[in-house]
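J.: Note that the protein sequences, when read in sequence, are chains A and C. Here UniProt numbering is used: the first residue of the first sequence is 1, the next is one more, and so on. Here UniProt numbering is used: the first residue of the second sequence is 1, the next is one more, and so on.
Do not rely on the hints blindly, as some may be mistaken.
Said to hold, decoys possible - DEER-style ranges, computed between Cβ atoms:
(1) E422/A / G139/C: 35 to 45 Å
(2) Q13/C / S723/A: 26 to 36 Å
(3) L61/C / R128/A: 16 to 26 Å
(4) E47/A / L61/C: 55 to 65 Å
(5) V195/A / L61/C: 17 to 27 Å
(6) D713/A / R87/C: 22 to 32 Å
(7) K715/A / E19/C: 34 to 44 Å
(8) Q175/C / L441/A: 24 to 34 Å
(9) D640/A / A207/C: 57 to 67 Å
(10) R208/C / G452/A: 49 to 59 Å
(11) D470/A / L61/C: 47 to 57 Å
(12) E19/C / D470/A: 43 to 53 Å
(13) R87/C / D470/A: 48 to 58 Å
(14) G420/A / G139/C: 36 to 46 Å
Unchecked claim - Here are some, though not all, of the chain A residues that point toward chain C, as calculated from beta-carbon distances under 7 Å:
(15) S42
(16) H46
(17) K133
(18) R326
(19) V455
(20) L688
(21) I732
Just so you know, the hints here were simulated from the structure itself, not pulled from any lab data. Backbone N, C-alpha and C define an ideal beta-carbon position, used for all residues, glycine too.
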Amino acid sequence: MTGVTRTPTHLTQGGTADAGIGASTLRPDGTLKVTGEFAYSSDLWHEDMLWGFTLRSTVAHAEIVSIDTSEALAQPGVYAVLTYDDLPTDVKNYGLEIQDTPVLAHGKVRHHGEPVALVAADHPETARRAAAKISIEYRELPLVTDEESATREGAPLVHENRTDHHAGHVPHPNIVHRQPIVRGDAEAAARRADVIVTGEYVFGMQDQAFLGPESGLAVPGEDGGVDLYVATQWLHSDLRQIAPVLGLPEEKVRMTLSGVGGAFGGREDLSMQIHACLLALRTGKPVKIVYNRFESFFGHVHRHPAKLWYEHGATKDGKLTHLKCRIVLDGGAYASASPAVVGNASSLSVGPYVVEDVDIEAIALYSNNPPCGAMRGFGAVQACFAYEAQMDKLAKKLGMDPVEFRQLNAMEQGTRLPTGQEVDSPAPVAELLRRVKAMPLPPENQWVTTEGADVRALPGGLSNTTHGEDVVRGVGYAVGIKNVGFSEGFDDYSTARVRMEVVGGEPVATVHTAMAEVGQGGVTVHAQIARTELGVEQVTIHPADTQVGSAGSTSASRQTYVTGGAVKNTCEHVREKVLELGRRKFGTHHPAWATAELVLEGGKVVTDGGEVLADLVDVLEGEAVDLELEWRHRPTEAFDLRTGQGNGHVQYSFAAHRAVVEVDTGLGLVKVIELACAQDVGKALNPLSVVGQIQGGTTQGLGVAVMEEIIVDPKTAKVRNPSFTDYLIPTILDTPTIPVDVLELADEHAPYGLRGIGEAPTLSSTPAVLAAIRNATGLELNRTPVRPEHLTGT
Amino acid sequence: MRVKFTVNGREQQADDVWEGESLLYVLRERMGLPGSKNACEQGECGSCTVRLDGVPVCSCLVAAGQAEGREVVTVEGLADFAEQRARRGGCATGACGTAAGTAAGTASSGTASGTSLDAARRRQAKPAGADGRTGEQAGLAPIQQAFIDAGAVQCGFCTPGLLVAADELLERNAQPSDADIREALSGNLCRCTGYEKILDAVRLAAARGDARTTGTGA
């Protein structure tokens with residue numbers, strides 16, 4: 001443990017009493033991050049450390065005939081070269097839900113970029129060059145790349161001998177999971193419809209494109225264990241998958257969260273964790289692995305590309321009659337989170353609308369494409385793209401305003417999802433649409449200046465492609481629903497340890513959780529909660545590690561709800577202990593100790609009438625209160641595998657967008673002028689962070705609307721654009737003004753009434769932009785991202 | 001090979017540098033300055049932006065040998081750099097808006113333009129060996145404080161590069177329009193914020209700079 005520099009650090013922040021919940025308190029890690037001192041996982045350093053490198057398959061589906069590592073191992077500076085045969089135990093696979101992912105390829109590779117061998121060397125370039133000398137002979141196999149090739153008779157099987165718990169319920173071994181939802185009689189309802197619209201939609205493969213590359217440092221321990229410093233979304237989930245492969249008990253794999261440079265779902269699965277540990281344990285030296293950007297595109301799962309078939313009907317007065325839909329998600333070579341993505345896509349496929357009669361099916365495929373799993377919005381994003389396009393089509397066919405049509409069919413509190421579950425908290429869908437529509441529109445022709453056109457404000461921007469000829473404006477709307485937290489009966493708990501003591505003459509609270517701070521601001525909010533509940537100013541956030549119980553994942557918009565809830569709950573119990581301590585010390589001094597409701601405020605014990613009974617310093621002097629408790633939200637249940645019925649979700653999050661675009665119809669270039677958002681957040685614990693999350697999520701949705709897509713060659717299943725040169729994410733020039741209107745309708749079931757917020761804005765921004773482009777051009781546009789050729793017909 | 005250059009006002013030297021090593025690698029792994037970030041190492045994201053003789057560059061695209069004898073400012077030195085500039089009346093290089101551009105292609109020019117050695121030595125006021133934790137003590141550059149105050153930092157991985165680029169923009173153009181800010185920062189990707197709060201931060205720093213200038217009658 002000695003010798004590691006730049007490890008994660010305790011974050012201590014003072015704050016006055018008004019820096020509790022509801023205040024826009026600043027990040028406790030802000031100063032470290034702006035000075036370059038914050039220790040991200042790729043910044044870790046250890047004297048005497050080696051660099052690890054992963055050799056990846058150059059083909060998508062092949063038998064491995066032979067691997068020869070001798071030449072690589074002979075290179076000066078190389079300490080170890082490992083393949084599947086070097087794994088220390090019989091546990092050779094891992095996986096989030098299904099343990100189908102090999103640590104290193106064995107016998108065959110199933111996707112382009114699959115890890116095959118590992119090298120440790122004294123310089124990253126030495127490791128890379130040695131890896132290039134590993135000789136692998138492949139015998140290529142036929143590919144599974146889409147539903148047709150996956151399920152036709154005699155199709156090659158991606159996993160020949162499936163034994164997972166979904167295997168018995170799927171119609172074909174190349175289908176990971178299938179979830180039908182049937183309620184009412186969609187056929188009969190369709191006969192009542194005055195208009196019916198159908199659509200076939202394609203959603204491209206999106207990448208999380210977090211900026212901090214997959215990286216970490218594994219340090220072998222003297223006890224035969226290993227210390228792993230890593231950027232991840234869920235330490236304990238990693239631990240559960242890592243320890244068995246290493247053949248170590250979990251207590252000998254000590255994990256500490258390093259600085260995380262964004263995640264967005266892409267760090268839910270393991271990347272370099274096991275590889276670094278294997279190399280460290282083999283060489284007896286600390287090993288650091290840092291992916292470069294090229295490798296990062298192979299090092300994490302992507303958002304499922306999808307094909308969606310939708311049929312909706314409506315009566316002539318504008319009421320939805322039914323929905324029939326089928327959603328095919330391409331999960332790629334390994335399961336990752338595909339089963340849960342299927343659950344979300346199906347259960348949220350109607351969107352935030354009242355539709356009684358439904359016939360829904362969602363499936364995820366195994367294929368030889370890159371593995372897909374979690375990304376912000378998780379299955380709900382793809383569905384939202386399709387149902388919102390359908391809403392516009394219906395409104396157009398009925399001659400109705402698209403916003404009014406949505407409002408007419410909007411769900412509200414008490415509406416039942418197609419799964420039969422009642423939405424039992426505020427569902428202000430119509431109101432969010434009203435708000436976003438009511439915002440003032442940006443002025444027309446903003447590019448016009450006294451000197452002519454400011455090309456920077458036009459489609460094509462600095463490329464100076466147009467001066468305003470052929471530029472038309474469009475406006476589009478969309479709204480979406482996202483579940484918060486892990487669904488379908490998952491035990492979605494979190495743990496918090498809170499300690500209260502006097503340090504330097506001041507009462508101080510320390511909050512210790514295993515929550516992954518990935519940029520979302522959880523550390524800020526935890527300090528705010530502790531201040532509010534414990535009446536202290538100084539709060540220290542302990543680095544996240546596995547020395548405390550699991551916090552669950554920083555995903556599914558759940559962390560403020562669940563770990564925030566755990567911190568609140570533990571603080572409440574700590575407060576009781578502190579009050580007991582006070583009663584013991586001072587109870588005889590004042591009758592209120594026994595009779596009044598007491599709170600901790602401004603460093604004092606105060607009655608509900610505002611009378612001060614004692615200073616916390618005096619109560620705590622010489623003693624510390626220290627508790628670690630688990631906390632759970634309401635339980636959920638699995639969806640029925642045939643009917644899809646079940647109370648599968650715990651909470652919902654709603655956002656609406658209005659997009660204003662300008663399109664150069666001659667060149668097929670789009671400029672998004674403005675993307676206004678209205679979102680219900682239940683209670684904004686930190687309004688500044690809430691708005692930041694909404695704007696960030698909105699921008700990721702904008703990206704997939706007009707530029708972001710991992711292109712997989714359908715003939716070879718190889719990724720064609722694994723770089724920031726070719727995979728484009730929005731720059732500050734591509735991103736418009738994003739005005740945000742925050743609504744706070746409390747969910748009585750949630751801590752402080754809060755609602756998970758991170759994902760909802762990613763849902764509706766994509767269809768809103770598409771709607772605006774359709775509005776500008778009159779084109780149908782059924783796929784995302786929209787490319788110039790789709791707009792110009794070339 | 002051996003490479004010597006000045007980083008944040010201090011002479012630094014690295015031995016056994018491989019010819020292909022980038023300035024970014026040498027800064028991060030050999031000189032213990034990991035503030036410049038390794039997000040793409042392809043010159044696409046701007047996370048590794050540093051100033052080389054005053055000019056913002058992607059340090060991943062500069063071979064370490066190209067920095068020989070030159071002046072590098074990283075995010076770790078931004079506060080001192082800004083303080084230096086403030087003392088000189090708004091220009092750390094002493095040649096605002098002109099000299100910065102001329103140094104770009106002249107690797108051999110050493111310290112002929114950019115920060116003078118004298119100025120660099122004065123920046124060495126920072127206690128030696130205090131690299132780890134000097135941010136708060138040394139104070140923050142106005143742009144750093146503005147990023148914190150405006151909520152422009154989320155995961156923070158893009159932040160160092162954005163700070164260096166934004167600081168350079170404000171040095172050239174104390175009152176940039178939104179279009180100017182967007183143009184200047186278009187080489188810096190951010191995946192978390194949606195850029196709105198970054199715009200807010202630059203506007204805030206500009207406004208504060210303006211207030212300070214007018215307030216002191218300078």
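J.: Evaluate each hint against the coordinates.
T.: Hints, verified against the model:
no.	hint	in the structure
1	E422/A / G139/C: 35 to 45 Å	55 Å, violated
2	Q13/C / S723/A: 26 to 36 Å	33 Å, holds
3	L61/C / R128/A: 16 to 26 Å	18 Å, holds
4	E47/A / L61/C: 55 to 65 Å	29 Å, violated
5	V195/A / L61/C: 17 to 27 Å	57 Å, violated
6	D713/A / R87/C: 22 to 32 Å	57 Å, violated
7	K715/A / E19/C: 34 to 44 Å	39 Å, holds
8	Q175/C / L441/A: 24 to 34 Å	28 Å, holds
9	D640/A / A207/C: 57 to 67 Å	58 Å, holds
10	R208/C / G452/A: 49 to 59 Å	33 Å, violated
11	D470/A / L61/C: 47 to 57 Å	36 Å, violated
12	E19/C / D470/A: 43 to 53 Å	50 Å, holds
13	R87/C / D470/A: 48 to 58 Å	52 Å, holds
14	G420/A / G139/C: 36 to 46 Å	60 Å, violated
15	S42	6 Å, holds
16	H46	12 Å, violated
17	K133	18 Å, violated
18	R326	32 Å, violated
19	V455	10 Å, violated
20	L688	4 Å, holds
21	I732	4 Å, holds
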